[in-house]
Amino acid sequence: MHLSCTPAQWFRAECRAPGCTWEEFPTACCLICLHQLQVFARSAERKTARTAQVKVTSVRCEEPAAALLLYKMTNTYRDVGVAGQQDEEDFVDILEERRLSSDLGFALRTFSPQLHKGSPPCSSAELHRAVLESQYLRYVTKEVAMETGSCEQEVREEVCGILGEMSQNLQLRFIRLMAYMMTKVFKTVFSAIFVNVEGLNMLQQATQENPVILMPNHRSYIDFLVISYIMFSYDIPVPVIAAGIRKYLFDFEETSSERPKPSQQRCRLSLPSAFCLGFHIKALAGMKIVGEILRRSGAFFIRRAIGSDRLYWAVLSEYVRTVVRKGFAPLEFFVEGLRSRTLKSISPKLGMMHMVLEPFLKGEVYDITLVPISISYDRVLEESLLAHELLGVPKPRESTMGLLKASSVLQENYGSMHVNFGRPLSVRQLCEGKINRCQYNLTPRDLPQKPSADVQACVSWMAHLMVRIQEEGSRISPWSLMACLLLQTPATVLTEQGLLWHRLTEKTLWLRRLALDFGAHLNWPEQIPDSDVLLSTLALHRTVVHQKAGRVFLVWGGEPEGRHPVSPEEGVMRTAAAALMLVSYRNQSLHVFVRPALLATAMSVTKSTERDDLLAYFCFLQDVFSNEFIFIPGRSSQDFEEAGYLLKKCKAVHISQQEVTVSDSGLEVLSFLQELLKPFINSYQLMFRYLCEDADQIFTEKQFLHAVRTLATNAVLSGELDTYEVLSSNVQKNVLSALQRLRMATKVKR
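Counting in the numbering used here, the sequence shown runs from 65 upward without gaps.
Hints listed in this document are in silico derivations from the structure and should not be mistaken for laboratory results. Every value quoted in this text rests on a predicted model; they were computed, and no experiment measured them. Even for Gly, the Cβ is constructed at its ideal location relative to N, Cα and C. Errors might be hidden in some of the hints.
Unchecked claim - With a Cα cut of at most 25 Å, we get these calculated SDA-like pairs of lysine to any residue:
1) K571 with S735
2) K413 with K571
3) K797 with Q761
What the hints assert, rightly or not - Pair ranges (Cβ atoms, derived):
4) V156 with L511: 32 to 42 Å
5) S516 with L172: 28 to 38 Å
6) L241 with A189: 57 to 67 Å
7) Q804 with K352: 38 to 48 Å
8) E633 with S690: 31 to 41 Å
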């Protein structure tokens, strides 16, 4: 990483406070400082362009009711003609019937899904053969053979090997086996699995009309198992699933010596570079039996480290396109690319999105149906593993024996989960007016074609839209609201004194009302007294917090009995592990509050009431934190109006044509929202301070992460910092991404 300007020089020149140090710099000034640094790092041309952009996107409501009207018009679901989400009574517990009937009888029952009407059904072998015989793969095979000097037959054999490694082998008997095993597991682990029947009915109809792409969020290893299980339960075709896998699962000795390494090849596949496909499942090295079961249950495997291997990209893209063209089965992939270790949404990866949309763009299918799916957990199976991974603890290597040892998970209660199948969306309608498909008529369909700028922009917009719909369809548990409040309590209070239970209860009920005002969908049983709901929630998460003498304490590994006292640094890391588990559950509800929180922060930092000033700073904050939260490209003004409308709705602000002012009753709401973003602001501030004072002009990511973690640990020990989120590798890497996006750092090869 290379810094584009010397931070210390900029600090002295631009902050206009020569005697000021970073320790004396308030949090608010840090954001103003970064705002100026963004402008300073850019050229005069970019300054002018950015100013013009802000001016163009500055939207002002001229009528009193305009904010409400604009909010309704720009609501994500309204944008694509989708109605609001279902009420709680529309969800049914699919485990209720399973608990009353035979598990074996369920697995062996008649399975009669309605097939796609557009094309005759084909087997996995026929799909495999169609991919191998495609003109596109023949063309790429010849190109690779010419460029590498290899025999065409040798390259052809390598294609067969890649396809054999990759392809699924969906078989009904293995679906039944998985259904039997998963019924046993789900009934043990979860108290209920709720699904919305209306969404399933629409999905069942959609599978008969067009190729269907299932796009769930990714929070746990079992996400894809749950979806396949539900679709089997409702006689809907079981999907084929894009599954990320480590390269070392397979042996490539026969081919690796015959073709140059990807880094030595001159050719590059003409597709976007930000590819990150599939998800990480347990079918890794040493788990060949489990991997084969998953393959025959519909999983097709994608190497993670593909790089610029043109041949592999060609086989993968042709395989995906053939599945879509033939309507073989619904195709499922995680648009976020990876399992979220923080339980909040990740910026979408566009590689698979380009692949699944290409048959429509080239006119090979009339339409494609996208189905966003929101999966919400009361408690995630991997909660402790996720927290330790974020602290840099290596993840245990997967093995069959390790999987058997992990059976202790079955002894825990993980509450309920909600699976919300969103309304099917037509790609044809989404692309209307955004893409000119005539450009694809200029090149034969069988030849590789680089997507144009408007196609890339539309695909990015569509991917972000899917993630936002996933967020809006999620169900927020009471624990997520409690975590928001617990994290606004100093860690020393939670570990030593404890937080009064009645105080936490009062604030949680207050936050519940605020979340409902902001349009959140809560998993809060109405027929159970609120006190009982909160007590049962606390009991479910006893591994994170516990109640004693009317106070709530954070569970942390202090000084185990019979062992020497831990060092201060180790104590920080142990407390951080518990705190990051709280952070993960808080993150499940951040999407509800983030836009009003950005506006509240802008009002606090700028000390201005002018709408234009607040809009400019709101857009800047979105730019800085675009790796932390999901914002649909080109909607900053709409997000600003939505934030203003929500704050006005809860009577926190007054909005006029020119100004946004704080109301007398709005201080509590604004204070909560500002505190919600404070851990992110403090974390970014600490890392910017490191870059301004201690960092070399050129450093590696590993050096940065190690140095920042050491600095943060010392800051926590000294009492300078009261947040543990800065120790999260996710936040640290997001800072590096923000620096590159703001043109303050450049990634260089050495």
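Each hint tested on the structure:
1. K571 with S735: holds (13 Å)
2. K413 with K571: violated (37 Å)
3. K797 with Q761: holds (18 Å)
4. V156 with L511: 32 to 42 Å: violated (49 Å)
5. S516 with L172: 28 to 38 Å: Cβ of S516 to Cβ of L172: about 51 Å, so the range 28 to 38 Å is violated.
6. L241 with A189: 57 to 67 Å: About 21 Å separates the Cβ atoms of L241 and A189, which means 57 to 67 Å is violated.
7. Q804 with K352: 38 to 48 Å: 39 Å Cβ-Cβ, so the 38 to 48 Å window holds.
8. E633 with S690: 31 to 41 Å: The hinted range 31 to 41 Å holds for E633 and S690, with Cβ atoms some 33 Å apart.
The structure shown violates the earlier hints numbered 2, 4, 5, 6.
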